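Visitor: Per full-length UniProt numbering, residue 1 is the first one in the sequence shown, and the count goes up by one each step.
Honestly, I wouldn't trust all of these hints.
Straight-line Cα separation of at most 25 Å, DSS-like style, residue types lysine-lysine; simulated pairs [stated by the list, open to error]:
id, residue 1, residue 2
1, K79, K137
2, K79, K267
3, K267, K475
4, K127, K79
5, K110, K267
6, K266, K120
7, K110, K124
Simulated restraints on C-beta separations [what the hints assert, rightly or not]:
id, residue 1, residue 2, range
8, W212, K120, 55 to 65 Å
9, D432, H408, 48 to 58 Å
10, G84, G534, 26 to 36 Å
Keep in mind the hints are simulated off the structure, nothing from the lab.
Being a predicted model, the structure only gives us computed values, none of them experimental.
Note that CB positions come from ideal geometry on N, CA and C, so glycine has one too.
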Amino acid sequence: MVMGGRHGLTRKPRAVGIMTIFLGFCLVSSLWLTLYSIVRARHLSVEEPLDFTSDAKISKLVALSLQDPTLGGLLPALKEYEPGQCISRTEEGPIRIPSRFTPSPYLVAKLRLYENRHRKCAPKAVKLSKNGTNSRKELGDCQFVIWIGNSGLGNRMITILSAFVYALLTDRVLLLDNTSTDIDGLFCEPFPGTSWLLPENYDYNWMNTVTWENTNRLGRLLQMSGFGNITIPSPVPNDYIFLNLMHDYDEHDRRFFCSRIQKQLKKVSLLYWRSNNYVVPGLHFDHSFHCKLDLMFPERATAFHHMARYLFRPSNSMWGMILRFRQPYLDGARRQVGLQVRILESNVTIPIVADQLLACVLEKEILPKGSSSAEDMLLSSKTRSTSVLVTSLDSAYYETLRNYYLEHPVEGTDYIGVYSPSEELYQQYGSDHDKKAWADMYLLSLSNTLVTSPRSTFGYVAQALAGVIPWFLTKIDSLETANETFQAHGPCNRGVSLEPCFHAPPALDCEGYGNGLNSSNIFSFIKPCEDVIGGIKIMPSYANDITAEGKTESRSERKT
1 MVMGGRHGLT RKPRAVGIMT IFLGFCLVSS LWLTLYSIVR ARHLSVEEPL DFTSDAKISK
61 LVALSLQDPT LGGLLPALKE YEPGQCISRT EEGPIRIPSR FTPSPYLVAK LRLYENRHRK
121 CAPKAVKLSK NGTNSRKELG DCQFVIWIGN SGLGNRMITI LSAFVYALLT DRVLLLDNTS
181 TDIDGLFCEP FPGTSWLLPE NYDYNWMNTV TWENTNRLGR LLQMSGFGNI TIPSPVPNDY
241 IFLNLMHDYD EHDRRFFCSR IQKQLKKVSL LYWRSNNYVV PGLHFDHSFH CKLDLMFPER
301 ATAFHHMARY LFRPSNSMWG MILRFRQPYL DGARRQVGLQ VRILESNVTI PIVADQLLAC
361 VLEKEILPKG SSSAEDMLLS SKTRSTSVLV TSLDSAYYET LRNYYLEHPV EGTDYIGVYS
421 PSEELYQQYG SDHDKKAWAD MYLLSLSNTL VTSPRSTFGY VAQALAGVIP WFLTKIDSLE
481 TANETFQAHG PCNRGVSLEP CFHAPPALDC EGYGNGLNSS NIFSFIKPCE DVIGGIKIMP
541 SYANDITAEG KTESRSERKT
């Protein structure tokens, strides 16, 4: 789509040369991307549902994963890590169905370069000022993205991942705030030879001032500058900018996604990142980022999947906790079905959602129907099992399913086991809750099939690690309209992409005219989410798609 006119995202004439360079970069890479797309299209498409019910298929895939602990080059060689530092890195192969998506050579190369840069620059973080005054001389040529923890664990994981993708695109180093989340206790260090945490001597009291009122917030700096609020003052005081990417950010903070702002941010050494959004879809709106993202993720809807498998692996203490539940309850099952339920609406009751969940798994044939009239078979005569893992803050969903299969025998040779690893009456914050949440997410991610709640970042993480497109429970607005909603839309529907939803995308106003573009109309592969009204997500597509007509995407659609 060509976006000209007064409110378009096209660059001004003086920037034509720069645009030409970036488009040339895209053109040089297009042949490789086209070849990659053809090869991948001959295999499994992103839209194809996973079907690993064959024991032979599972055994073959597991054998392949044991031969390649680097996950197709995604991870560094095991020898790069300290022995015993992360047991799950070497032990998860036999229990996880390997990904059917191959990381691109460009992504693998970018990750190896990043690891070297992190090893070089992370130690310099000890020189970060304790009062926000920083000197480029002390940091040298190292630039940082400093992630500030916010919200629940699911939100934190999707925002860490978003910040890391941004660091890859901008040649920065990602460092994490470790005060509000016990990162070290939850996850293995992903980068060999160094840490992704801020140094222990960092002044976290000062970080508490990095909020909406901070004078170095991007939106505030743009407002102060005048000139249509599209220019960052230069030099930036203290050489840092606070990026506010929370769901309620204003029109000035949203200009973070504009190419002209990204060009100016290159000059700033420190970017503080506070968010509760998965913003990777929005990074495509910068034309140079778009080219690089297409090289990193030629199968566009695999960005979150690859990056989650790279970054998030259970720490040793978490690995023991996960195995202590999995081995007695889930180990040995032919098939695992993961069910994640979270009610975000206060006027929707638990019993109606429990009935909805049961209707979903039966109507969509995710689980077999039982029959009160069927002749019950002795358990010893059943030869195959399906394990059902139910994760929720309330035990009612687990009990509804368990009771159904206790009271209704299933015909055939399968038996159904229903299990729940954690039961809490309300969401809590703190390391203990985070440990239970991470264990639940990881156990869910070992499933062949997933059913999750709409808008749930908890579910997003599980589907990313699993590489499984989930079924979404239909959103109920109120108890009174529940039956009408189910009649119109059914109890659940299959998702359309592996990617999470960007819940609060910007209306792009990159020229400062006060009239933003609808972010779901900029690229053909970025469309409204199926689970969040107003959200956008990356749809299954290939960079340089070859369509049914044999045409590639128009270059004009790529201009931002």
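Visitor: Please go over all the hints and tell whether each is borne out by the structure.
Guide: Now the hints, each set against the structure:
Among the hinted pairs, K79 with K137 is inconsistent with the structure: their alpha-carbon atoms are about 35 Å apart, more than 25 Å. For the hint pairing K79 with K267, the CA-to-CA distance comes to about 36 Å; that exceeds 25 Å, so the pair is violated. Taken as a hint, the K267 and K475 pair is broken in the structure, with Cα atoms around 44 Å apart against an allowance of 25 Å. Only pairs whose Cα atoms come within 25 Å are accepted, and K127 paired with K79 is rejected, the gap being roughly 30 Å.
As the CA atoms of K110 and K267 are separated by approximately 21 Å, the hinted pair is consistent with the 25 Å bound. As the CA atoms of K266 and K120 are separated by approximately 19 Å, the hinted pair is consistent with the 25 Å bound. A threshold of 25 Å between alpha carbons decides the hint, and for K110 with K124 the separation of about 21 Å falls inside it, so the pair holds. In this structure, W212 and K120 break the distance hint of 55 to 65 Å, their C-beta atoms being roughly 34 Å apart.
Checked against the given bound of 48 to 58 Å, the beta carbons of D432 and H408, roughly 36 Å apart, lie outside it. Checked against the hint of 26 to 36 Å, the C-beta distance between G84 and G534 comes to roughly 46 Å, which is inconsistent with it.
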